[in-house]
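**Student:** Residues per chain, in single letters:
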Amino acid sequence: MLDTLLSGQLLFSVAVLGALYALIGLGLNLVFGTMRLLNIAHGDFLMLGAYSGFWWFTLTGISPLIALPLTALGGAAIGLTLYALVFRQQLAKGLDPAVIEARSLLLFFGISVVIQNLTAMAFTATPRAYRHLDTVYQLGETAMTGNRIATLIVALTILGAMLVFLNRTLFGMEIKALIQHREAARIVGININRVQMVSIAVGFGTVAISGSLLSMTEQVTPFMGFRFTIAAFVVIIMGGLGNILGGIVAGFLLAIIEIYAVTIFSAEARSILIYGAFVAILIISPQGLLGRARR
Amino acid sequence: MTQMQAKQILVPVALTALGAAALYGGALNTGPYWQVVALTLAMWIALIQSWSVFSGLTGYISLGHAVAYGLGAYLMATQFREYPVWVLVPAGGLLAGAFALIVAIPVLRIRGPYFVILTFGLSELVKFALLRLETALGASSRLLFGAPGTVELLTWMIALAAAATLLRHFVGISRFGRGLIAIREDETAAETLGVPVTRYKVLAFALSAVIPGMVGAVMALRSTYFEVLQVFSPTLSFTIVTMAIIGGSGDARGPVLGALFLVSLSEGLRGASPQLYLVLLGICLIAFVLFAPNGLTGLLSGRRK
Numbered sequence: 001m002l003d004t005l006l007s008g009q010l011l012f013s014v015a016v017l018g019a020l021y022a023l024i025g026l027g028l029n030l031v032f033g034t035m036r037l038l039n040i041a042h043g044d045f046l047m048l049g050a051y052s053g054f055w056w057f058t059l060t061g062i063s064p065l066i067a068l069p070l071t072a073l074g075g076a077a078i079g080l081t082l083y084a085l086v087f088r089q090q091l092a093k094g095l096d097p098a099v100i101e102a103r104s105l106l107l108f109f110g111i112s113v114v115i116q117n118l119t120a121m122a123f124t125a126t127p128r129a130y131r132h133l134d135t136v137y138q139l140g141e142t143a144m145t146g147n148r149i150a151t152l153i154v155a156l157t158i159l160g161a162m163l164v165f166l167n168r169t170l171f172g173m174e175i176k177a178l179i180q181h182r183e184a185a186r187i188v189g190i191n192i193n194r195v196q197m198v199s200i201a202v203g204f205g206t207v208a209i210s211g212s213l214l215s216m217t218e219q220v221t222p223f224m225g226f227r228f229t230i231a232a233f234v235v236i237i238m239g240g241l242g243n244i245l246g247g248i249v250a251g252f253l254l255a256i257i258e259i260y261a262v263t264i265f266s267a268e269a270r271s272i273l274i275y276g277a278f279v280a281i282l283i284i285s286p287q288g289l290l291g292r293a294r295r
Numbered sequence: 001m002t003q004m005q006a007k008q009i010l011v012p013v014a015l016t017a018l019g020a021a022a023l024y025g026g027a028l029n030t031g032p033y034w035q036v037v038a039l040t041l042a043m044w045i046a047l048i049q050s051w052s053v054f055s056g057l058t059g060y061i062s063l064g065h066a067v068a069y070g071l072g073a074y075l076m077a078t079q080f081r082e083y084p085v086w087v088l089v090p091a092g093g094l095l096a097g098a099f100a101l102i103v104a105i106p107v108l109r110i111r112g113p114y115f116v117i118l119t120f121g122l123s124e125l126v127k128f129a130l131l132r133l134e135t136a137l138g139a140s141s142r143l144l145f146g147a148p149g150t151v152e153l154l155t156w157m158i159a160l161a162a163a164a165t166l167l168r169h170f171v172g173i174s175r176f177g178r179g180l181i182a183i184r185e186d187e188t189a190a191e192t193l194g195v196p197v198t199r200y201k202v203l204a205f206a207l208s209a210v211i212p213g214m215v216g217a218v219m220a221l222r223s224t225y226f227e228v229l230q231v232f233s234p235t236l237s238f239t240i241v242t243m244a245i246i247g248g249s250g251d252a253r254g255p256v257l258g259a260l261f262l263v264s265l266s267e268g269l270r271g272a273s274p275q276l277y278l279v280l281l282g283i284c285l286i287a288f289v290l291f292a293p294n295g296l297t298g299l300l301s302g303r304r305k
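Listed in order, the protein sequences are those of chains G and Z.
Going by my numbering, the first residue of the first sequence is number 1, and it counts up by one from there.
Going by my numbering, the first residue of the second sequence is number 1, and it counts up by one from there.
Everything labelled a hint here was simulated from the structure, so no lab data went into it.
The model shown is predicted, which means the values in this text are computed figures rather than measured ones.
Every residue gets a Cβ at the ideal spot worked out from N, C-alpha and C, and that includes glycine.
Incorrect hints may have been included.
What the hints assert, rightly or not - Sample of chain G residues with no beta-carbon within 10 Å of chain Z, all distances over it, derived:
no., residue
1, Ser63
2, Ala102
3, Gln116
4, Ala185
5, Asn193
Stated by the list, open to error - Where chain G lies over chain Z, by a calculated footprint (3+ residues, C-beta under 8 Å):
no., segment
6, 4 to 13
7, 27 to 40
8, 121 to 130
Could you build the full structure based on these sequences and the hints that come with them?
**Tutor:** Next up, the structure:
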């Protein structure tokens, strides 16, 4: 039993899923941290990224990996459009953060329903999938498909780049400053509007990338996103809202919980488990298990 | 009886009775199509009014009312052969209320937006857990044979809609309701002033689940078919919230306006795809949150001023 649990196969699965969860959570965390927007349509933007990957491959034969920059730009463009049309005015009113959170939740709820159903009207609700890079590579006992290795590498690269960007560049530090203390950030002369625009572009771009990566290994449907919205919330709440590094750690933690539960119990336990973890975490510690970002 | 009391008690009771009688009489005299429309309208009024008893007054937005509805429907679907309808409908309400009472204490500690996503997560958790139970029992779907006809169901539903409307009104004007509004305005301040915050919230939460449980039981008879994924549907919770916001939850008129809006929209789009309907509903929600956060009642009273 212990051999199975520590097998390279499971650890590889944990690494791939964990890197994806960390990347999905990162986008949500940036948008929440800088603007207090509760994006419960996050998984739906992932779904759009997944369709982007699917259509690039199916219509043009171009690998979704090659098309990633375009997918990311598309995600960023949607995020910036929403920001310009809806959220910029709401944020500029100087409302209480609690009001912004509540309103943004309802707005994103509406946006989520609109996106899901528009997608279903455009592409039908039929699940779609394609075969790409599915050669199996053997490393000792562990079998790995090319697309999952690619997913792992791309996700880890982006996570690494984001950490460097946020911790080592001036602009990245401005984002972190806004997350930590909005008023103080304004006083020291940070251009709040610009930081918000970059955060939303990066947040929506990275989640679109996650979706595109996921489309190589999972079926794409208009309603696939909600599971990932919930997973992303588990990740950022577990890691501490606005705490970027905590969120990345939590992404891998959630993957460990999920992969081992599916192995020990059954695949059907997955939904019960994710929602169970979500409910339990919110009830036990809404402030996060790994500490909240100071603000 | 003072004029104030008359205005707060007699007028709403008379209006509700009049509305219910008009809906019932109108539906009976116009044939099966309008009976179904009236049933749908009464269902939404009952659901939105009940939702408003808790969420409208306290400001704690619940996205979990599909669970109350689903539990009532589940009780009806599993026990229909064993007990008469007039036992099962109230029992469905009690089951939903009892469930709400049990989850209320841990769940209501969480405030604000986290409460909203928590109720949604909780309702998905219940859905998947029940789905697993049904799979283990070997019952992926259940059929109800010999369910009562539309007119009997319509009678139930209009009674429930009237009861929910009066419940919403009388809770709203009571000391209890004032306490709930105080919680919405400032929970900490309300507690300091001596409002029994926890007791009120738990009570309102359980109360707001009872009628949706009964509605679910009646609707199981209407569809004569029960499947977990269909009944515990997030769309139901979403629709309730959207309609409550479009109607406005200042008083008992808002949910009626919201339900009328919804039923007109869905009847106007008959034949169009359900997806188009949901897209329009989503757009309405966004528009109202942005431009008319107090809903239709807010717009109406704004005009008058």
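**Student:** Hint by hint, note whether the structure agrees.
**Tutor:** Verification of the hints:
Against the 10 Å criterion, Ser63 of chain G stays outside the reach of chain Z, whose nearest CB is about 31 Å from its own CB. Interface exclusion of Ala102 of chain G from chain Z breaks down, the closest Cβ pair being 6 Å apart, not more than 10 Å. Listed as outside the interface, Gln116 of chain G is inconsistent with that label: its C-beta sits roughly 8 Å from the nearest C-beta of chain Z, within the 10 Å cut-off. Distance to chain Z confirms Ala185 of chain G as a non-interface residue, since its nearest Cβ pair spans about 22 Å, more than 10 Å.
Asn193 of chain G, annotated as away from the interface, keeps every beta carbon of chain Z farther than 10 Å; the closest lies near 19 Å. Residues of the segment 4 to 13 of chain Z with a Cβ under 8 Å from some Cβ of chain G number 0, which does not satisfy the need for three, so the listed coverage is violated. Closer than 8 Å: that is the beta-carbon criterion, and the segment 27 to 40 of chain Z has 0 residues meeting it against chain G, so the requirement of 3 is violated. Closer than 8 Å: that is the beta-carbon criterion, and the segment 121 to 130 of chain Z has 6 residues meeting it against chain G, so the requirement of 3 holds.
Consistency note: the structure conflicts with the earlier hints numbered 2, 3, 6 and 7.
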